[in-house]
Structures are given as C-alpha cells and as structure tokens.
Amino acid sequence: DAGVIQSPRHEVTEMGQEVTLRCKPISGHNSLFWYRQTMMRGLELLIYFNNNVPIDDSGMPEDRFSAKMPNASFSTLKIQPSEPRDSAVYFCASSLGAKTEAFFGQGTRLTVV
Amino acid sequence: GNSVTQMEGPVTLSEEAFLTINCTYTATGYPSLFWYVQYPGEGLQLLLKATKADDKGSNKGFEATYRKETTSFHLEKGSVQVSDSAVYFCALSSDSGYSTLTFGKGTMLLVSP
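Taken in order, these protein sequences are the chains called A and B.
First residue of the first sequence: 1, per the working numbering; consecutive thereafter.
First residue of the second sequence: 1, per the working numbering; consecutive thereafter.
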C-alpha cells in the first residue's frame, strides 16, 4: 500500500478564498483523523471519522471549517473563507481503530496570505 | 478523559550520549502506547509501540516499556546519533469503542557532533 496520500503538498491562497485539502486513507482502515500542526499550538486533532461517520468534531475551530468523508477511500477538509491564522500544516491519518497505531500522510502546508 | 504528558524540550545532547524522554499518561482501561518521530518537513512516523502492561517496544535502538503501575512509557536510547535529531511524540489509543489517538505536545531532540 502507498500509505496515506494527501494533496496538495503545498497550497498558497489569498485570504477569503476557499481551500480544499484531500486525503486518501490506507485501504481497509476504518478510522480517519485530520490534524493541524503549528509552532504555537502544536498538534491539534480537528475531526475524527469512524466508518465514514464523523464521531468527534470538537476540535474544528469554527464554522469556516468543514470535513466530509463520502466513502471509505476519500476525505476532504474545507476552509471557507480562509484566513491568515489558518496557515499551518494539515495532516491526515488513518488507522484500524481502537488500540491501533495511526499512519500519517506527508501533510499539506497551507499558507494564507 | 485521556491525556499524555511528556517532558518539554528541547533536549540537547552530544552524539553517543544516553537519551531519556519521559512520558506519562492518563486513561481508562488498557490503552496501547506509541512513540512517533517527526523529522523536519515530514509527517509523523511510528517509532515503536506497546499494547499491554510490561510490553517493551523497540526499534532503531530506541526502546520503551509499558509501565501500568506508574502510567509511564519513557523513551530511551543508549547512544544517540546526529540523525536522531527530530521531534518525538508520545501517544495513546484507548481500548474503548470509538477511540482517537491522544498525543503529547512533543519533545524536540537536538544532537550535536
């Protein structure tokens, strides 16, 4: 398996624009996580899906952020409208569920100017 | 809820020195415990894991023992190399139904020649 695949690797956008980050989890994994990493706040869990259903979205910062998982092999994280404070590295990870390790993608570095 | 506490960094060592990074956790039940490593500009990679009390995880000269009595999972390496310079994250995955990964804040390790 190629591992967790995220796209794009880098995204530069202007404030106010819509940004969509994409993730393909490892085949057969039933849990998917979106994390955000910044120097100031470290690694933050944004949302967690189990069997394509959002289980915990308490980490989503505000209504500008939304995430979907239409099927077991694809998820998106959307920011609309984007703001400079959204600049961060966004990671997607997948796992086989409770007590198992998560495998991380390479991340998307988002810069909002 | 679940939580992971690890020592703050940076930890600065000379090559061939002994490394210990402390990690303690709070969780109900019997979680699995993990150490992840993040090299500059990359995603998180699983370094080692332990799934039950007294298990020892090991990889690339690193090791950690699951100590339930002290709720700890300290990372050790007998002789560090410059190439070990990275950020190390302790994490747990609980054994209860819907389970997310809970991470510590990360510890930066800097090894000088």
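Hints may be right or wrong, so weigh each one.
In silico lysine-lysine, DSSO-like type, Cα no more than 30 Å apart, as pairs [what the hints assert, rightly or not]: (1) B:K52 - A:K99; (2) B:K105 - A:K24; (3) A:K99 - B:K77; (4) A:K68 - B:K77; (5) B:K68 - A:K99; (6) A:K78 - B:K60; (7) B:K77 - A:K24; (8) B:K68 - A:K78.
Everything labelled a hint here was simulated from the structure, so no lab data went into it.
Remember, predicted model here, so these are calculated numbers, not experimental data.
Hints the structure violates: just list their numbers, smallest first. 4, 6, 7 and 8
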